[in-house]
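Once you've looked at the hints, dock chains W and C against the given chain Z.
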Amino acid sequence: MSTHDPMMEMYLFETNQLLNRLEQLCMDAERKQDISEEIPEIFRIMHTIKGNSMMMLLEDIGKVAHRIEDLFDKLDDISLSSAAIETIIDYNFEAIDFFKREMNKLELGGKADGSSFDLVQKIEAFLESISNGEKPMVPPVSSDQKYFIPPSDNQTSFIASEQATPDAYFARLFFDDDAQMENVRAFTIVHNLKDKAEDIVYFPEDIVENEGSIDKIKEDGFFILFKTSESQEEIHQYFSNLAYINNQEVNLIEDQDYDSILQDLKPKEEVVQAEPVASPPKVEEVSTVGASKQNFISVDVQRVDQLMDLVGELVVAESMVVNNPDLLGLKLNNFDKASRQLRLVINELQDIIMSVRMVPLSMTFQKMSRIVRDMKKKVNKPVELELVGEETEVDKNVIEKIGDPLMHIIRNAMDHGIEDPASRLEAGKDEVGKITLSASHVGGDVVISIKDDGKGLDKERIYDKAFEKGLITKPMDACSDQEIYQMIMNAGFSTKVEVTEFSGRGVGMDVVAKNIESLGGAIQINSEKGVGSEITILIPLTLAIVDGMMIRVADTIFTLPIMSVKESFIVSQDEVISNSDGQEMVMIRGTCYPVIRLDKHYDIKGSHLDHEGIFVMIEHDDEQVLLFADELVGEQQVVVKSLSKYIKKVKGISGFALLGDGQISMILDPSGFMMA
Amino acid sequence: MKRLLIVDDAMFMRSTLKMMLRNQGFEVVGEAQNGIEAIRQYKSLKPDIVTMDIHMPEMGGLDALGEILKMDPKAKVVMITAAGDQKHVMDAMQLGAKNFIVKPFTEEKVIKVMNSI
Amino acid sequence: MNTLQDEIQEIKDGMDFDAEKYLTFSIGNDKYGMDIKFIEDIIGVQKITSVPNQPDHLKGVINLRGIIIPVIDIRVRLNKELRAYDDRTCIIVVNMEDASVGIVVDTVLEVVSIEDKNIANPPSYDQEGDNQYMKGIGKFKDDVIIIVDCYALISES
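Residue numbers (the numbering used here), protein chains in the order written: chain Z, 1 to 676; chain W, 1 to 117; chain C, 1 to 157.
Heads up, simulated PhoX-like pairs for lysine-lysine below, C-alpha to C-alpha not over 25 Å straight-line: (1) Z/Lys605 x C/Lys80; (2) Z/Lys218 x W/Lys87; (3) Z/Lys196 x W/Lys70; (4) W/Lys103 x Z/Lys74; (5) W/Lys87 x Z/Lys63; (6) W/Lys46 x W/Lys76; (7) C/Lys47 x Z/Lys641; (8) Z/Lys648 x Z/Lys401; (9) Z/Lys216 x W/Lys109; (10) Z/Lys74 x W/Lys87; (11) Z/Lys645 x C/Lys135; (12) W/Lys87 x W/Lys70; (13) C/Lys47 x Z/Lys649.
Which stretches of chain Z does chain W cover? Using the computed rule of at least three CB atoms under 8 Å from a CB of chain W, they are: (14) 10 to 19; (15) 53 to 65; (16) 240 to 248.
Chain Z regions said to be covered by chain W (calculated; three or more residues, Cβ under 8 Å): (17) 36 to 50; (18) 173 to 184.
If you are wondering where the hints come from, they were derived from the structure by calculation, not from laboratory data.
In this text, a Cβ means the ideal position worked out from N, Cα and C, and glycines have one as well.
Same shape as in the complex, but just chain Z:
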C-alpha cells in the first residue's frame, strides 16, 4: 500500500469515518421512511466533508458535498412527501458511493478524477423543484445597521504613538483575487483599524448588509478615511501586513482637503455610530443526534503492531529468565513466587494487547446491509437481512479480509439462493426472503454464519458437474453431503447456466475459500433442498502466543499446543502392533490408536526411538493419534512466528516458535497428522 503524506492520511481516515456514519444514518432514515431526525447530522457531515475536501483541493467531492449541504439546509422548513424523502435518501447513497470510489482512488495513490457533474445537476434540479413556493427563511436584514462597529474598550481612545495630534489619511485598498467575501474583509479592516484610528469613514459603506458591495470593492477598491497618530509609514506597514490585501494607496490628507473628501465619500452627517451590540445573532446550531459518545483515541496501526511484537518479545524474555539453564536444578522458592507473579502480569498485558487489535464486526455487517439493500432492487426480490452478534470482535486483519468473502456469499444467496416472490409463495414460504448473518466466539474461533431460507443447493446437479469435470470419481452415495457441497468452492466450477453480473461466474467461491484459508480458517456448507442453505466460516482468533508442550526428537524440539494434548504415555515397544497396511498402532484402554513416529515422519536422524520414547496423544476434531518422540522437555508459552514465504509448507507444521533459550522450535499442527 502506498504511503501518503500525513495530510492525505488524515483526510482519508476522517472521510471514511464520516462516510460510515453517514451510511448508517441513511439506512436508519430509509427504514423509518423519515429523515427528520437525521437532517442535522447529515448536514454537519456534508459540511465537514465539503470543508475537508476543499482544503485538499478535491473540487468534485467538495461540490457534491456542498450541494447536499445546501439541500439539507433547506429541508427543515419544508414538509416532504415520501417520494421526495426516498429521492433524497437515494441521492445520499449515490453521493456516498461517489465519495467511496474517489476515496478508493486516493488510497491507491491515484487521483480523484471522478466527475461530479451529473450528480450535482440532479441534486440542484431537485433542490429547485422542492424550493419553489417556499417562504423565505431569512428575515430581511434591518437597515439601521449601517456603520456598525461593535463596542470595545478602545472604542473612543486611540493609540497615540507620539503625543502629536492625529493626521488624516485616505486609503484605497484592493484585495487579492481569492480573498472572498470582500465586504466582510473590508469590515474586518475597519473593525481592526479602530484600535489605531478614529473618525473612520469608508466607502462603500453598506458592506455589512449588502453583498452587492463586494463587486464595488473589487472594481474600485475599498476607501477609508481616518485619523491616526501613527505615521504614514506605520500605516502603510500595517496594511501591508494584513493578509488578503493586494494593493494599497495611503495618502496623508491636509486639513483643508479633509472635508471635501469626506463629502465625496458619502454625504452623511454621522461618521461613526457606536451602537451597543444587539444580543448575539442567532446562529443555526447543528446538534448531533445519536453520535456515539465513546472515549476513543485514534492510534497508528503500526504502533499497535509494534506493541504486539514487543509483548511477544516480553513473553520470550520472561521465558529466558524463568527457564534459564543457569537455574536448572536449583530450588528457588522466592524466585518461583516472584516469577509466577511476573507471569500473571504478563498474561494480563498479553490479553489486553490482543484486545487492542480486536475490532467489532459491526462495520462489516453494516456493509452487508448496504449490499442487501442494493441487491434487492437489482434482483427484484424482497429480502430481509437479520444481523446477530455484530458486536463480536475479531482481529483487525480479519476484518480487512472477511468483507469480500461475506459479500460474495450474500450476493450468491440473494441471486441464486432466494427464490423470486411468486415461487416462494407457491412453496408456502413467506414472500420476503430471509438471510441471517451471525457471528459468535466458540472456543478459540470466530464463527460467522450466513443462513438463507432459499431453495438450497441441488446436490445431484453439483455432483454431476463435479463428476463431469473429474473432480469426483467415486459414486454419489459414497460421498458425504459436505464433500459434494465443498465442490462448489473449486475453481472454474459453476452450475449456473447464465452468468449473472453478480455471481455465478465460477470465480467467486474458490476465491472466497482462498481468502478464508489465508486467514487460517475453514468453510462448512450445509443445505437442504427447498429449505435453504447455511455457510459457516470458522476463523481462529489470532493466537500469537501459544501454551506449548515441548517434545524432543533427536536434536529437534517440537512444540505442541497444550490444548490439543490429551495424554502422554510410556509404552513398551512390544505393545506397538502393525495392521495390515503396515500402520503402527497401540491399544489403549480397549481402543486402537495410530502411531506416528516423528523421526521417520520428518526424516530426522539420531533418535533412539527403537528403544525408548514417549507417546503423546493429540486430538483434533474428535480424532486422536499418538505421536512418538524421544522425550517430553517441558511446558512453555511460546510466541508463534509464521513460516517465511521461502519455506515450503510442511504438513503438520504450522509455524516456528522461539524458546526461552533462544532455540527455534517447530510448532506442530495436530490437524496435519489426522488420518481421515
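Relative to the frame of chain Z, chains W and C by itself:
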C-alpha cells in the same frame, strides 16, 4: 512563541492547521471539537490566539466567540469559514472576531493572517 | 590479527549505498560478488535448525535477534561439494520483497566498486546449470569476481 488554541470539529482541519503553524512561531497548546470545549480550554489555557470553526455540534463558533469575548474582551479569535458563509462571518466580525480565513486556504495565507493579529 | 567480527564490522561500515558496490565472498578458490543493495546484515555462522521436507539448498532456519530467517547454502546451489562450517563461515542476510533470507558462504572478503562496464555478461550456454545464478563476470584489479543473482539464488528452483 504565540500560544494557539485550535477549535474545529473536523480532525482533518485541526491537524492541517497544526501542521501549517507548527514551525512558524506558534505553539498549539490545545484543541477543541466544539464551542463548549473551546470555552473550557480557553479558560484553562488562556491562549494568545484562537482559531474558531463556525459550524460545530453542541455549540457553534459564534456562540463560543461570544462567550469567550465576554470572559476576556481582549481575546483574539480568528474565524475559519467555508466560502459563502457571509452572514455568519459578518456576525462573527461584528461580535468581535479579529479576522477570518476562508477554506480552502494555503499555508501562506494562514501564516500571514495569524501574524497580523 | 583481526577477528571475523572486526572484519565484518569494517565491511558494514564501508557499505554506503552507492550503486555498483558489491560484497565479495569466497567459495573455495573462487571469488563471488553480491550487489550490496540487497544485503541487510552479515553474521558469523550460528546454529541452523533444520526444517523437514525442504529443498536441498535450504538448510534450515536461524534466530536473528528474535526473527526467524531461512538459510540456504550457496554451495548446494552452485553444485559444489559441501564444506564443514568453521569459524570463518559467514551468513549474508539479504532482503528481497520484504522477506529476509540468509546465505551461507565460506567467508566474506570486502566491499568493492565495480563499474558496469567492467562486468561482462555470463556465458550464454548452459543457462540451466550453475549459470542461472550468475549475473555477470566482473573484474576488480586482478581478480575475476563472479557476480551472483540474489533473487535466483533464494527463489524456488
